[in-house]
Amino acid sequence: MQAATTPRAGSALVPEHPLEDLIRSDRIPHIWCPGCGIGTAFAATLTAMKSSGIDLHKTCMVSGIGCSGRAAGYVKLDSFHTTHGRAIPFATGLKLGNPELNVVVFSGDGDLFAIGGNHFIHAARRNMDLTVICLNNLNYGMTGGQVAATTPHLARTTTTPSGNPDAPFNLPLLAWASGATYVARWTVLHTRELTESIQKAITKSGFSFIEVLGPCPINYGRRNREKALQTLKLYRERTIIRNHADPSDLDVDFTKQVILGEFVDKERPTCIENYDKTCRLPE
Amino acid sequence: MTGDEACAEGALAAGCRFFGGYPITPATEIAEHMAERLPQLGGTFIQMEDEIAAIASVLGAAWAGQKGMTATSGPGFSLMMENVGLAVCTETPCVIVNVQRAGPSTGLPTMGAQADMMQARWGSHGHYEIIALAPSSAQEIFYQTITAFNLSERYRTPVFIMTDEIIGHMSEKVIIPAADRIQTEWRPKPSGRKDRFLLYKPGKNGVAPMPAAGEGYNVHVTGLTHDERGYPEMSVDTQAQMMDRLCRKILDNRDDIIMTESHHLDDAEIVLVSYGISSRTSMAAMQQARAMGLKVGFLRLITVWPFAEAQISALAERVKGFVTVEMNLGQIHLEVMRAANGKVPCHLVGHPGGTIIAPDQVIATLKEAF
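Going line by line, the protein sequences match chains A and Y. In terms of the numbering used here, the first sequence opens at residue 1 and continues consecutively. In terms of the numbering used here, the second sequence opens at residue 1 and continues consecutively.
Hints were generated in silico from the structure; no laboratory data involved. One thing to keep in mind: the hints can contain errors.
Reference excerpt, derived from the structure (chain Y facing chain A, CB under 7 Å, subset only) [claimed, not checked]:
1) Thr44
2) Gly60
3) Ala61
4) Gln66
5) Asn83
6) Leu86
7) Gly107
8) Pro109
9) Glu233
Pair ranges (Cβ atoms, derived) [what the hints assert, rightly or not]:
10) Y/Asp244 x A/Thr158: 34 to 44 Å
11) Y/Thr106 x A/Ala177: 24 to 34 Å
12) Y/Phe370 x A/Gln146: 53 to 63 Å
Selected chain A positions facing chain Y (Cβ under 8 Å, derived; list incomplete) [as the list claims (entries may be wrong)]:
13) Lys50
14) Gly93
15) Pro282
Each residue gets a CB set at the ideal place from its N, CA and C atoms; glycine is no exception.
The following block holds chain Y by itself, in its conformation from the complex (with noise of 0.2 Å):
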């Protein structure tokens, strides 16, 4: 199946029974795929009148106590992005598909790219902490569908899975698993006197427990600045409050939600570091170039967003440089440069976008740099 029908299978097997969408290419086949499947399962199935409703939809759905989705690309992922906001800000758990294709504006509608990244990570306006994943075949995105909702649900955030094109319409075997191999997670939900509940007072690893509407709790749900109870404060301290917890639900728990896939980084001089499509160019790079001599090792970003700072500041300790392999002209590369922080050179294999990056330009890369 293609990668957009994997990431709409991927999604049912997570429990998402809700789906707001809006037909934009390359990401219209999951709208389909999940138009004839949810009402198959029990769940729902709308198309909106354009993605700001689609994703709104999806934040409604969600506080009526389902796992909800929608999927996009380019122009529909800038609109969607004031209600990402709301979702940061209310603490609601659902996940967004990015099927990127080549912009700015209309741009490159049937061509893939991964020049969203930036607007992935700061898109909405604010300052706010978000996950993104970045997936790599069609089997992946299956997988990283069920993730991306685990990690929504248990975090209560909105979780972005940056796919592009490429994988969206790519045919690959994937296999589905039986349905009691796949672990599924949902929101912690409260408990103890209703009357005495405050919506946004938080458990062990940061998270407040959330009701659904209908449950007897009366919650409001603001997306301005509220405090614990969840009512509107516009005060400093609240703001300082409430931005605290945002952010440190999500950093303090980095090691459990960055991913990260290795190949030979133990003895690896030139570190090569990409995500998604771009990374299946970079193990071919990588391997043609080891069996050059050169001694190449490649670090790939499941998780994009939160950023593996750690791993990438550790490895500019003893490697003697990293090049990023991404289909833009510099985004994660930046972020390459500031965790390796002037120690090592850092060089970027970058593509405006429209055609996957050919091993050989990382080759060339890797002989003129280093």
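This is chain A alone, in the form it adopts within the complex (with noise of 0.2 Å):
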């Protein structure tokens, strides 16, 4: 019915999104609200698809459980929306089942670092070929803003009434501790630095991280007394890029410095490597 009176993208009055072809259009309205950052790391993530030039038929998405975990069924390649946390176990048993495939995890922070947060660390540390993007958006959005292993200590949410009392996660230094060869951060207003970095991520070998971070005005932003522009303005006047910079440093503290960045670039073998290597016979 809605084609009868829409005109159609590609039109001449629409013209056609350029990452059509990656995009199940047909699933468009997505869910994610006004001035939510996902939207942006999943253009990011799709065009850094594209450019980096890997065979996308053998690119895989995929996501957990929560806002970010609706990713997955965006995407048009093959792609699983699996159960909450589980996204990296699941992204190693497809990794490992076929080592040709290109393997992405994208999901949020409540989902890889709170019940997810054991998987996390030892796909690191076993350097599994996968690139993990987590969008941070300090809270659990889909469930209506709840307090998440990443929220800031003191801010407000649903199950923090009166204030976080809790410290969260520096994810980087947490990467980096793990095993991650590739760990960087930017936010989502920083889309050209997140568009090469997660080219090269998907391009290098071995377990990288992305963390970016992303408003979430409907439920962390309402109660913390920031719209999703005053957001954006604090990713602008907040933050410094300072790649290498010491992972002890990354703590991320808008009242202070955000620091930005690519922290990690290094060479160490895959999972896939050592396990050839030490458990096959030689041909």
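Each chain sits in its own coordinate frame; assemble them with the hints.
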């Protein structure tokens, strides 16, 4: 019914979206709220996939549960929307089952670092050949804004009505300590750097991790007196790019300064290389 | 070889080339055997960080086109349950072995039980149908593991092998036939135009063809309620359609899935019903009872789920009663009662777990009850 009244993408009135070939346009509109940062990170991921020159037929996206977890449902690739927290072990099986696949995990901070935290550190330790992109919006968006493992100390959420008593994770530090061979952090305002970083991560073998800070105005912003535009302003004014910064200096505290950049870019044998070398008989 | 080793060899014979595991008594030996054997055959073994990761990796490998397996016991089985639901909902073939030990909780890790039978049936949330097999010897676990893979591939569903500590750790003679005498099946593969492919459009037996990642079908696989395209669809109608198909592909094929073994049922007045290790108790008890002149028969459930309801209902029309023998305090016993539907008395010879049930206990119940 909609088609009769709405001009179609690709017609004279509506130019085709540059990522049309990678989006399940029959699933649009998406569920993400106005002002949400996920769409920007998602678009950067698809752009990087295209520009990287990798074989897209051999490229998969795996997500867990949550707002960012819905990304797998919008990408026109083999895509897997798994259980809460388990995107990384599912992706591990996918990669080990067919090492030719490029496997990108796209999920949120709650999914990857609270319920799924254990899987993250072990995949990094093994140097599983995965690209993990975490949209960090500082809270659980899908369920209405509860405290996360990334929520700043004293920030208000529905489950910390008097402010968060706990300290958040420093995600790049965690990734570095666990053995990731590529670690970067950007905000959704830094789309060019973010896209370049994702492209680098996808083409690089081993465990790559990119944290993307993105606003959640509806749930996090509303309770912390921060409108979407103000969050973006913080991203511009309170961030500094410092590649190869000391990972222990990478706390996210917008009352001070948040460091962005590329922090780790090193080589070590991947899980599959080590397995082949150690466990398989020489031919 | 032990039952655990026979299980691993059965998996390899079935074409399993991926194992995601986590150590747990009394299932560890399956993982150990797979760790040694899989790389020799071009497969991959990985010890994951927990049982949740183990089963998640098996599902991932299945979508990469592999036959995958994991093996665990009670506590690990509990941890796997959410992803069992994902496998059911996304119709992902995989085999999950539960070498049962006594519970609840940590229980008796080194001692057998059969108390996870209802967990196998209903352990994941939501309503669904499942397949579970119960081997009674090391030789049988070899063959049943192959059957489990074949059923899993044929119906695109997780299949449980519900063995126990006693069979797992018992050494018995196992004959492994030549590879060309073992029949192995693979999931139905799609054909036709890739851009028109529908991930959950069923074929003749209610099962949809399944492509692997990287074959160009751009599948979307989700545990959300989905339509034939695999797209999430939050509607009552889609839920009803999806559930109907998921349940019917098992229920409509019960004749193909349910395997039982009958002993002296023709003239039986009392029927022993049992499975797994307890079926060896029941076999001995039946022979003793026959020697005593009691007309006792024995129905061995090889497939426990779906339940051999029709067979028990038919027997209930002509026998005087049932005695279920199992190492729990009454799980399949209640299913037998349900199928007998009040027509004849149903008794339980159960045990809370830790040791095999002695045939004498069955004889005592037979004498007392009938």
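Taking the hints in turn, this is what the structure says about them:
1. Thr44: holds (5 Å)
2. Gly60: holds (3 Å)
3. Ala61: holds (4 Å)
4. Gln66: Holds. Min distance 4 Å.
5. Asn83: This interface hint holds because 6 Å falls under the 7 Å limit.
6. Leu86: holds (5 Å)
7. Gly107: Where the cut-off is 7 Å and the nearest Cβ of chain A is about 24 Å from Y/Gly107, the hint is violated.
8. Pro109: violated (22 Å)
9. Glu233: violated (10 Å)
10. Y/Asp244 x A/Thr158: 34 to 44 Å: Given a distance of about 37 Å, which is inside 34 to 44 Å, the answer is holds.
11. Y/Thr106 x A/Ala177: 24 to 34 Å: The hinted range 24 to 34 Å holds for Y/Thr106 and A/Ala177, with Cβ atoms some 31 Å apart.
12. Y/Phe370 x A/Gln146: 53 to 63 Å: Given a distance of about 60 Å, which is inside 53 to 63 Å, the answer is holds.
13. Lys50: violated (15 Å)
14. Gly93: Holds - the Cβ of A/Gly93 comes within 8 Å of chain Y, reaching about 3 Å at its closest.
15. Pro282: violated (12 Å)
Hints 7, 8, 9, 13, 15 from the earlier list are contradicted by this structure; the remaining hints agree with it.
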